[in-house]
Structure formats: C-alpha cells, structure tokens
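Here is what each chain is made of, one letter per residue.
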Amino acid sequence: MEIVIALFFSTLRQAAPLLLTSLGGLFSERSGVVNIALEGMILFGAAAAAITVNRIEVATGGLEAFWIPWVGLLAGATVGGLVGLVHAVASIKYRADQIVSGTAINIAALGAPSIVLQVLYNNTSTSKEVQNRLPNVDLGPSSVSILVILAFLLVPVVWWVLFKTPWGLRLRAVGEHPEAAETMGVNVIRMRYTAVILSGVLAGIAGAYLSIGFLNQFIRAMSAGAGFIALAALIFGKWHPFGVLGATLLFGFAQALAIQLQGGDILPATIVQALPFILTMLVLAGFIGRSRPPAAVGKPYDK
Amino acid sequence: MSRYWFLMVGGLVLLIMILAPWAVPLREFDGTGYLLNPLGVMNPKGLTLPEGLTFNWLGVAFGLWILLLLAASAALFVPNAETRARVLYILGGIGIAIFAIEALLFYQAINTLNDAAVAAGARRPPLRRFALSLGIYAGFFYSLGLLLLARMQLPGGLAFLVRFRGVVVPIVSLLLAVVIGAVVVAILRPGLGTQGVEGLGLRELIAGKLDLVTYTFQILFSPILNVTGIFTSLGFATPLIFTGLAVAFGFRAGMFNIGAPGQLTMGALFAMLAGVYLPLPGWLLLPVAIAAAALGGALWGGIVGWLKARFGANEVINTIMMNYIAASVLLFMIAANEYRFFGQTVRLPFKAEGFEGRSEEMQEGARIPLMINIIAPNGTFSWALPLAVIASLGVYYALRRLDLGRRLLFSLGALVLGFVVGGFLPGFPVTISSALASQLLNGSFLIAVLALLFYNFYLFRTSAGYELRATGLAPKAAEYAGVNLRRKMILAMVISGALAGLAATHYVLGAGMDGTYRLKTAIPSSVGFDGIAVALMGQNMPLGIFLSATLFGVLLAGGVSLNAQLGISNQIIQVLQALIILFIAVGGLLPRYFTDPLRAAQVETEAKAEQEARQAKSAPAAGD
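Protein sequence lines correspond, in order, to chains A and B.
Position 47, counted from 1, in the first sequence is what numbering that gives the first Met the number 0 calls 46; the numbers after and before it change by one each time, with no gaps.
Position 10, counted from 1, in the second sequence is what numbering that gives the first Met the number 0 calls 9; the numbers after and before it change by one each time, with no gaps.
Okay, chain B solo, but in the shape it has when bound (with noise of 0.2 Å):
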C-alpha cells in the first residue's frame, strides 16, 4: 500500500517539475519574475535578460531526473529488502548530488555575469533577486525522501522513525503548516506577473501561482542569509524564548499556563517602576529591574497556582482571567494620570506627558544595551563576551568531579571574571553597517540564554527539578514518593511566572519595542500565546525551545519584508502559528504508534525482539 503511496509522491513530484518554476535569475521589485523551465521560459511581463546568459543544462537535469523517478519508482518492487534499500540509498545521494550541481551551475552563471558587469562600471548588478525555485527543491526533497525510505527498508526503520518523534511530529506539523499556508496565499493572491497580462495559458498561470507561493516562503526564511536578518530574528526570538520556557515549564508541571501574556505584562509594569523611579546606583539598579521583571511575573503566576493548591481552582481559566486583569492594571497605570473615585480625584504620576500611554523613560542605570555595544562597544571589538563564555564553559567542563552548586558557582565566577576581563583587553576595530547598528536585538538576548541554561539544569539535573517532573507525568505517584504537590504547584507556577515576566527586560529595559526605553500600552502582549506554539515545537526541550524560538524570529522578521514587497500580511505567521500548534496536538496527522507513548514503545521493543532474532539466527552460522 505505501508503495503506491510513493509512486504517486513521484508523480506529483513530475508534475511540479513540468509545472513550476526551476530557478529564477531575475525578478523585479514586485516579485515579477522571469521563470526558467526545462519546457520552456515563461515571462508574460516580458522581462529580458542579458545577453550570453543560457540555462541549457536544464534539459538535461530534467531528463536525469525523470530517470531517477523512473528507477526509483521500479526499486520499489525489488523483491529483496536490503537490495532495494540499498539502490534507494544510492538513488537518493544521486539526486543530492544532482541539486547540488544544479545549484552550482545557476549561481556560478549569474555570479560570473553579474561580476563582469560590475567590473565593466555598471551602477548595480544587472540581476537581482535570483534563485533556485520550487521545480529544483522538489527534486531535493524527493532525495531526502528516496534516502528515509531506503532506511525504513532496513530492520528497525519504523523504531528509527519513532524514536526520533519528538523531531518527526513538529517538522511533518511545520511542512503541513507550510502547505496550507500556501494553498490560502495561492487563493487569495492573484499569480506573480500574471496580473494584467491577457492572453496567458493554463501554464503560464499555475507557474506564477507556483511562483508565488514559493517566493513567499523564501522572504519568509531569507532574514537567515545575512547577519542584519540574524540579529532581527535573534531580536524577535529573545520574547518568544522567555514565554515558550514559561510555557513549557508549565508543561513539564502538569499545568497549562496560557497565562503568560498577563504575566509578561505584569513582569514590564514591575521593570518599569523599579527603571524609572528606584533610586540606585548604576551597577545596581539593572539586575534589580531585571529581578522586578521576573517578580512581576512571579506574583502573577504565584497567584494562580496558590488558588490551584489551596482551592483547587482550575488554572487555564484562572491565568485567562488574570491576563485581563493585568491588561486592565496596565491600563489604569499608564493610560491616564487622573482618576475620580467617588468624586475624588485620584492622579497617578505614572504616565509620561503626551496623549500616547507610555511610562516615563528608564534611567540610564537600568537600561540593556543593545547587542552590537556589547559585542563591540565604539566601533571595536570587545573579548569580553567571548572570554566570558569560554571561561565559563571551560571551567565548567573542566571541574567535573564537584558537585553540580559548587561547579556552577565556579563558573558563574570565571564567566564574571571572564567578561572584567575581556573587558580590559584591547580589541580590534571592526565596522558595523548602520542597518545592523539599529537591529533591536539587545543583551536580553543573553540573559534568555541563562533562562534556557537554568531551565535545563534545574529540571534535568537536581533533584527538585525531578520531582517537579515527576509531578507533571504522574501525580498521584509523586505524591506517595513524598513529593509535595501542593507546594509543587505554586512553586511551578511561581518560576513559569517568572519566566514570562523576563520577556519584558526585552521590551521596556532593552528598548526591543520600538527603540524607547519606555513601557507603553501597546506592548505585544500577545508574545505570551505565541510561547505556547514555541513550547509545543520544542517539545519542551531547551534546545528545541531556541530552535523554535528562532524559527519563529526568522519567520516573523521575514514577515516584515513579506508585507513590504508582496502586500501579504505578515498575519500570516501567525495563522502558521496556529496552524503548527493545531497539528502538534492532532500528532501532526501521524499513525497513533507516532502519537502514542505505550505504542511507541511497543513499535520499539518488536523491532528489538526482532534483531535479537536475526542475530540468533546468524550467530551460530558466525560460529562455525
């Protein structure tokens, strides 16, 4: 049955080579572009290309890749299992490899003219915004996919698949995302370069949707081929790290917290009055903020879990309400300075002159620069950040013998030590573009690292942490090893609170908003629910939770551009938000022994019963 199954992937696949876009060596600003095909160019806004630019080759890479379809599709009925994975497996590296020359062939070609025209004093080059397309990459997934047959082939494919579920479901969860994604951009949009243009056959339209719909996903992920588009991501993770932690330490818990936006909001209006009006020193006045962050957040979700512990109050409906309860005290605080209560009139000093609800600004004292001065503060390249690192991890690593509270506090020492330091040591000067010297991404950054290092070291290496897992995946049973659940709860939320609470240090003490080091009304709340489709694609792993994290910075700072170039709102990253965390939850679509634990297991034990069988049988054949 999943033969056929395949065989018709293989169809599809021939369908879109003959259908989509190759490559495109030249689009204009609107996304127009001139679309290569093996059968043909299709360019109905009639673009030109300079002379002496020719993409013969792509002729012959269709014909090899209808070869490969061909002999892929008749090896799925070789009769012997490791012979037909092994012609997969060969298969499959030719195919790799046949992308791989296609994309050096078309970049090579460009580059080549572009340089000459350069060198010859043209103002810019004469082809910009080219790439490979839809009709190439398809090929190379099919290889990717002809490479993962030829291993389920083998004993043991489907445990390998299983074992690895906790990568399978959110990546299966993100390309169905990605497609459904594309059908509504594809409905919605009228093709590339076919609008206006009368005339144009069947082909000539479904390229240009297909052109569309493959140039929306590439904006979406194009922030990751430059470093401006890495600090931008970088700089919409930091939020979404500290809320999927706060998620997913919930997760790990046994508690849902959907209460992190209000908790976020608590955790700036905390930063805020601690940055503007406690009178401090400098070197004090920042960790005490970013402390009053986490505070606030704390407070918020202490609440919630002291009502869960003490009356059993249910806390998804319970941190929904305080999110309210929290966009309502942001309100009242720094929306407007008077008030009558009574008759009574009330004034708060909170709120900065103007007719925007904003705070005051933060004193100096209590504001995170921004990345690019930590790094290189002036213009120069500073050692202390990477001294500090490796001097912590090295002393880190190399201290194995102690205890894990005394090693950790070593290396907090040489991290400390590290960054003086570094500090001191003269550096080089290094030149930084006016672009990536305005990216928001701000020393938040780093301490979301710590987050994600505390969130890994508390829950998987003490034993507290331990217990607080225990009493996320069997309550009962914790409770009769002695844990004390309730005090679990509170503390669970208390953390998960706190967590939530640090994203404001992005926001209102590193100016990661809008470039004021102010709390306005309009803070992005919302980053909170965000959190839950970055726990859930991290599956509540740390690192999962950075990849996710950045995924979505990628996604949202290539948004930005979506928007600017293609008029497509940059909504849509979050209707694949959505729509990743809807699939997450159904198992991305997946067969129960994908979704299921005990039947996980289960796929997993037969196909270990049956290597020991195959080694039994072969063992005393070794033996003669």
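The following block holds chain A by itself, in its conformation from the complex (with noise of 0.2 Å):
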C-alpha cells in the first residue's frame, strides 16, 4: 500500500513538467506552428529560475522570503517566452523552417546556461543550491509542489479556453485552415505569436518547476527529454488537453515507475525508461488509434 502511494505522488511529480509543457505546446501545434523547440524552453526556464533566485540570495545576504521563489519562477516564465518569441519570429516572420528553427533552440540551450553558470560559479554543469524553494502544498500522505497542483488545475482551464471561447475557436482555426481564418477576419499572424509565445512561458514555468520545484537548483540537461516526452504526450493525447493529461500521466507513471524500480527485481529501469518512446512510435504508427495534428501545422503562413 506504502508503495502504491509513493508511486501516485511520484507519478503526479513527473507528469506535472510534462503536463506544463504539453498544454504549451498544445497552443503552438494547435495555432500551426510545430514547437520541437520545447526541450530547450524548459532548460531556459530552469536555468533563469534558480539563476535569479540564487542571485536575490546573494544580494539580500540569504534572506528567506516567501516571495523570492515566485520572482524565480516569473523569471523562468519570461526566459521561456523570450525564446518562444524567438521561435515565432524566425518561423512566422522569417518563414523558417519550423523544425531547424526549434533544433537550434535545442542546441542553444544545451550550451548557453552552461556559459553563464561558468562566469556566475566558476562551473559549467550546475547552478548553487538555493535555500528559496517553491512551496509545497501537504495532501496527507505526502505532499506535492504548488505547481503541480497549478499543472492540473490548468487542463480544465486549458480544455475552456481552447473550446468553448471564441478566441479557442479562432486559434484552432489558424492551425487548420489560416486563409480561411484571415478571410474571416482573424490576423492568423498575431495569433500564431500569442500562441507559440504562450507555449514558451508554460515550458519555461514547467523548468522553473524542475529547478526551484522539484529540486533546488539547475543542473545541465536536467530536462532529460522532458520536452520531447511532452511532445509525444502531445501526438499520443491527439492534440487534446484531456488526451495531453492522459498521456502524461502514462507517461509520468512510467518515469515514477522506472524510479521505484531501481534496485527492484521487476523490470530494470532503463526499459522502463523507454517506454513512453516506443509508445509513442506505436501511435504514430496508429498501431493504438490514429493521431491526426492540425491541418496547417508546420506550414509557414504568407499572406
């Protein structure tokens, strides 16, 4: 019984990043503009999470506030949408190619944390511990990080916003059939940037999570693919938030799985870890029902 409650409040742990990421990535894909950039979103966001907190700590002299890790947390929201306007402006106005344009993002944020983390602390691979963490909300038997309570409260709100508000409709218009949208008076332009800007900040807030939330401080490529796990909750949730919290569940489920089983005799962890990779090629294979993305997506928009 212990252990089965370790694993639902390990599972909810590993599903909320994901669960972050994916509602993000849900209004980039579902607005037309693919975000394979969502991985490196989550490492900006991470690193200018604990980066900042760290640094109020030292310029207050190790003051603990209860405000401190929010401002981290705002931080790591801005960074993820600063990259995610860099998305959108090499994609929607430049026209490039979605997927190069998300790759050098990637690649990006593998290697400019580390530049900063060199000058700050002398050290390429991590940031200092900070004392200021996000807080935790006590469920009884254990007790999980505020955002993650926040994550799941947003697919609700997430699911509303998308189909049942004119501005949803609109959105999924831009990504399935954008002359048809702009002939109907929508600037699919603006949209698209809302929507991929949006993406960023959801990522950056779900590296804040990982950074002052989970741990407590930014460790190089501490998002372990955690962007594309979201991506493939994204294909295998079929572009739907309710779909997305399914298939981040399973997908946290196998990660809060691999964990319990290190050191068991069940299966060993790294197939585990797989898992969600291989059922994720599985679905695009439709092998478990057929996932269809929005009609526009990955199609850049000319007037």
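Because the hints were derived from the structure by calculation, they are not lab data.
Treat the hints loosely; a few may be bogus.
List of simulated lysine to aspartate or glutamate pairs, EDC-like, C-alpha gap at most 20 Å [claimed, not checked]:
# : chain 1 : residue 1 : chain 2 : residue 2
1 : A       : K298      : A       : D137
2 : A       : K92       : A       : E1
3 : A       : K302      : B       : D595
4 : A       : K302      : A       : E181
5 : B       : K350      : B       : E337
6 : B       : K350      : B       : E360
7 : B       : K519      : B       : E352
8 : A       : K298      : B       : E337
9 : A       : K92       : B       : D595
Make one complex out of these two single chains by using the hints.
Here you go:
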C-alpha cells in the first residue's frame, strides 16, 4: 500500500512538468507552429529561475522570504516566453523551417546556460543550491509542489479556453485553415505569435518547477528529454487537453515506475524509461489509434 | 538609402579604429595585453615592452585610413555608376595594400626583436602571443566591403550576389553569430587587463572589452596556425563530417533526420560488438567492424524510414524517439552487468570490470590506427597514402571514356595497389613531436573522406541519386515519373543512418573519444545534432559539408584553449552553432530575393535581360 501511495505521488510529480509543457505545446501546435523547441524552453526557464533565486539570495544576504521563489518563477516564465518569441519570429516572420529553428533553440539550451554558470559559479554544469524553493502543499500522506496542483488545474482551463471561447475557436481555425481564418477577419500572424510565446511561458514554468520546485538547483540538461516526451504526449493525446492529461499521466507513471524499480527485481529501469518513446512510436504508426495533427501545422503562413 | 547605410558603416569603422586596440605586441598568459592604438598606448596593468621597439607608423596608417574612409564616402556620390565602381575598386585595393603593409611592419618589428633576444641568449623570446587586433582588421574588412560594393555598382551586381547565395547566406550567418557571441562574451566577462585596476577611463574600459572579444575569437580560430592544431581540428571534424553527411543526405531526399545521435549510438554499439567479440582474422575484422558501425546506424534509421513508408509516421518525431531508445539500449548494454527480470537474474557480459560504464577493449585487429601512424609509421614517412591517392585520382581521370561503375572500380583497384606498393617503398625518416603524436585524429578521417566521395557520386552522378534528389524536391512529380517513393524513403533513411553510424568508427574503433579503444556510456552522441549545423552551413553540398565540419572542428579545438586561457566555457561553440543554424534558417536576415529560390531566379533573369538590352544598344554602334 505504501508503495502504491508513493508511486501515485511520484507519478504526479513526474507528470506535472510534462503536463505544463504539453499544454503549452498544445497552443503552439493548434495555431499551426511545430514546437520542437519545448525541450530548450524548459532548460532556459529552469536556468533562469534557479539563477534568479540564487542571485536574489546573494544580494539580500541569504534572506528567506515567500516572494523570492515567485520572482524566480516569473523569471523562468519570462525567459521561456522570450525564447518562444525567438522561435515565433524565426518561424512566422522569416518563414524559417520550424523544425530547424526549434532544433537551434534546443542546441543553444545545452550550451548557453553553461556560459552563464561558468561566469557566476565557476563551473559549467550546476548552479548553487537555492534556499527559497517553491512552496509545497500538504496532501495527507505526502506533499507536492504548488505547481503540480497548478498544472492539473490548468487542464480544464485550457480545455475551456480552446473549445468554449471565441479566442480558442480562432486559434484552432488558424491551425487548421489559416487562409479561411484570415478571410473571417482573424489576425493569423498575431494568433500564432501569442500561441508560440504562450507555449514558451508554460515550458519556462515547467523548467522553473524542475529547478526550484522539484530540486533546488539547475543542472545542465536536467530536463532529460522532458520537452520531447511532452511533444510525444501531445501526439499521444491527439492534441486535446484531456488526451494530453492522460498521456502525461501515463508517461509520468512510466518514469515514476522506473525510479521505484531502481534496485527492484521486476524490470530494469533503463527499459521502463524507454517505454514512453516506444509507445509514442506505436501511436504514430497507428497501432494504438490514429493521431491527426492540425492540418496547417508546420507550414509558414504567407498572406 | 543603401548609400547612407554604407556611410554609417564607415562611421562605425572609424569609431572602432579610435576605440579598439590595433595590435598587441605582448600578452600575458591570462590575456592581459599591451594595447597599441594610434591615439596612444593602452596598458592598464603596466606591462613593459623591451627597449627599442616603436610603432610610430601607426599614426601615419591611421591618417591614411581616415583619408580612405573620406574618399570612399565621397565616391558613393559620384553620379556615373562605372566611374563609381572604378573608384571603389581602387580604394578597396589600396585599403588591402595598407593592411598588408601594416601586418608586415608589425610582425617584422616583433620578429627582429625576438630573434635578436634569442640570439643574445634569452631563454625564450621576450614578446609572446603577439597579434594584430580589431583596429587593423576593421580596415581590412572595410576594404573587402569596398570591393564588393564596387561589384554591386556594375550591372548584374545583385544577380552576382544572388547566384552565390549558397555561400553568402552561410557566411552572413556565421558573421551574425560571431557578432552575437562577441556581445555575449563582452557582457559576461570583464575586459582583459581592466579588472581590479582603479582610475581607468572609459576608453581603456571599452578597449579592454574589445580586446577581450578579439582575443576570444583569435583563440577560437588559432588551431589553423600549426600542424598540431590542424590535426586536432580534423579529429574533431571527423565525426561531424559523418553526421553532417547523414543529415544532408536526409535533407536531399526530403527527410529531416534528427536521429543522428541515436544512429551514432547504435553504430557504436554494433562496432563494439563486432570489434570485441567477433573471432575473425585481423585483416577481415576491421572492415567487418566498420561495416557493423554502418549497419547499426542503417538499422536505426531504416526503422524510421520503414515506419514512414508503411504507416506515414512522421520521421521527425520518430527519430527523436529513437534517440532516446538508443540511449536506453546503450545504458542497458554497458552500464551494468546484472539485471533482474521478474525475479530472474539476467547477466550481460558487455560491461568491463570497474565502476565506469564501459565495454571491453577492442581486439588489436579492430583498431583503426592514428593518422600519424598511417602517414609516418615508426617515424618513417610512408608513401602508401600519397601514392594511393595519386594512383586512384590518376586512374579516375585517365579513364574518362569508361562508364562510371567501371571507372570507380578501376580507381579503387589503383587505390589499393598504390597503398600496397607505397607501403613497400623506402620512406625517409621524419621527426614527430610528442604533441602531434598524441592527437586523436585517426584513420576514420579517411573513411570520412570516402563517405564524402560516396555522397558526391551517389547523389550527383547516378540515376538512383538523381531520383532521390527528385523525391526530395518534388515528391509528387517524382512519383508520376515512376519513382517508388516508399522504397526511396526507406533507402534514404538507411543510407543516412549508415553515414551517422560510421561516425562511431572515430570514437570506438579509432579511440577518438579519449584514446581508449572502448565504447563508453559517455560517448558524445549529441554530435549527431551538430551535424544539423554542418549540413545547413554546408548547404548539403559535399565540399560545403567538409568545409563547415572543418570550421566547427577548428572552433572546437580552439574552444579547449579558450577554456584554459580565458576561463570562458567552450560551450560557447555550441551557442555559436545554434545561432548559425537559427540564422541560416531565417536566411541570414537577408532580403527575400536571397532566400526565396523563385525570387532569386527572377533577379537573375532581370539582370540577363538588362545585359541583353545594353548589348543590343551598343551593337549597332560597334557595327558602324
């Protein structure tokens, strides 16, 4: 029983960053922009949050205050949004290949934090540990970060925004048939910018969760593929908020299981860790139901 | 409008000349330098130059540059285009001549003094790490710009630029990336020699920053200046050539292969299995191990190709997924010996003793020798390699009459024959420094060159390659022309994967990772991503891929000394790569007639029409 509860909470903790990122990616891809840069956005957000909190602590002489981690979170979200802006400008304004642009951001995210870390901490792979972590919420047997709760609350919100508001309708129209949407008076370019920046903000928050919510420092490449798993969850969840919720829970469970199985005697952790990726490939091949992307995804829009 | 832009550039160049150091005759190991500038020496740390060293000519040179800048600015407003072009050509030529004289004077002064000191018995030359600096380079680049501008004044100038957009876009992207990298470095680090010194003026502070930026890139590009550096660079470039070819091959066939990291990993795993465990004689083992590396990558790419052909599954997502699966497989194989499956213990033999995740050592026969041992085994220069190259090239060009297949076969035969015969010829002894002997450039560089040749021949000289390129350019049209798209997709991913897998020969069979003939869990599989930068920068052309891989190799080699000397993380190379990819993706921020093939063609057509009109106008006059 204890193991089940531990596994349950571990699943929630593992799923939360995937869920946040995936919901962000949902906006971007529904608007017609492939966002393969999610991985990089998480890393930039994580680095920004951890470094900001640490700098505030240094500047205030090790102060512990409730507002510090929130400033860190804001920094993570802002930097994530800025990275989103870069992706948006490249792929919307300059009609760059969206996958190339995303890949560039991912490569930059592996290198850029190291340069800052070396200057600030004289080491290229980790930041200083921070005292001010994001607060945890007590849930009886265990506690989870407040961002975990936020991530799960966000699912119905995103569903409502996407499927029950005019803005959501326009966003989906832009991703399915931008010319038709433009004819109906929707500003396709602005919709896409908003969606891509929003996906960067959410991925940046997911990164902040990793560095100052889940852990208390930034570690190089700490996302360990979370951005790509989130992308996979997007496909697995058929570009729908509730589908995404299910997929991230499944992937989060696989990761939680892999952690629990470390040193156990059922399955080796390395094999369980590969499961989300294999599942996604099966979905893509159509063995577990077909998944159809928005029609205009990946195509630059030309007025 | 563009006229005023160029005036602004002239102003910027003048500003750089006033603020930046022109040359650095002496530099400490930590980077602090003695900065020369025509308006006065900047030397915050108080370094002393040896007596008798003067650089009075700097003032004269500065005067000349100001005259040149003024003349060029005035020349822009000459009404007749041809006169304008002629004046700009002359000014550009003069500028380059001034630059050459400056370089000559500087190095002559330094070398004379150093030689004299060494002759007088000094233990080492008194002036070290001397180099020209930003102020003088600015003039040089301005002169180049003048020459280009002159060409632009003549008819067809724009079409000339557009025709070379395959080179213009990567170069502009590289320059933009360098500028942003420079800004990042300047923001993050204090200027060289200005830290901890009080009472410095703004001019010294700016000069320190500009010196830092210049020195950073001088270090990054420094490996090309000596043989050891070139060997190191080519060593870093070898896997990049393979992964660059892999990505480019995918691009050519219309597939985006982001799976090179996974294909590399599987290639490494297969190469390890063959190289460690196959009980084959030595002469057979090495080719089999190399083929195994290709096979591993081909398998990993082929699965994705098959999934796309059979189920229409997007190759981008699938290759990413396969990267992670490959990483898991690698960990599973060599990170531990023992696993528990449902209570059953399974033992794997692949991990070697010790705490580190690494395989057993390769058998002797499966090891690719170091390049230096191929060129000069046992300290004696061997004719094997040069003779093999000459023989095969000679045969290839001599048999121009034959069809391609036979021609290649004969030149391959000549290659082997040349290698064997050359191996028996007596060479002459050469001295190899220990620094050179320890470089990790190994024989897989030759395999990389062969892969480049294969890429060139297959894609551009065979009908199968033609079909593949047609598939990439216009799949529908290719299909109507009778190309089997599905088969092409699988084939493209198989070959692309095989090329990426071959990168493992450098790391595993050639000990290119750290000098040990083992596969380690720490194999740098992310080199597969760097292949994207190489392919984009090389514009998917064989020569382009070789040059851009070498460029990144040089930067990677320079990054090591950058880290050692200035404490700037060599991750800056990765950021530069990312920026280059980004800038190439957005077409170097150039106007759309550069990036859009249709509009580029339009520019050329217009230029041709204009030229014909001019000829028609001048023809009657000539006929009179």
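The hints, checked one at a time:
no.: 1; hint: A:K298 / A:D137; verdict: 45 Å, violated
no.: 2; hint: A:K92 / A:E1; verdict: 53 Å, violated
no.: 3; hint: A:K302 / B:D595; verdict: 15 Å, holds
no.: 4; hint: A:K302 / A:E181; verdict: 9 Å, holds
no.: 5; hint: B:K350 / B:E337; verdict: 10 Å, holds
no.: 6; hint: B:K350 / B:E360; verdict: 10 Å, holds
no.: 7; hint: B:K519 / B:E352; verdict: 13 Å, holds
no.: 8; hint: A:K298 / B:E337; verdict: 48 Å, violated
no.: 9; hint: A:K92 / B:D595; verdict: 14 Å, holds
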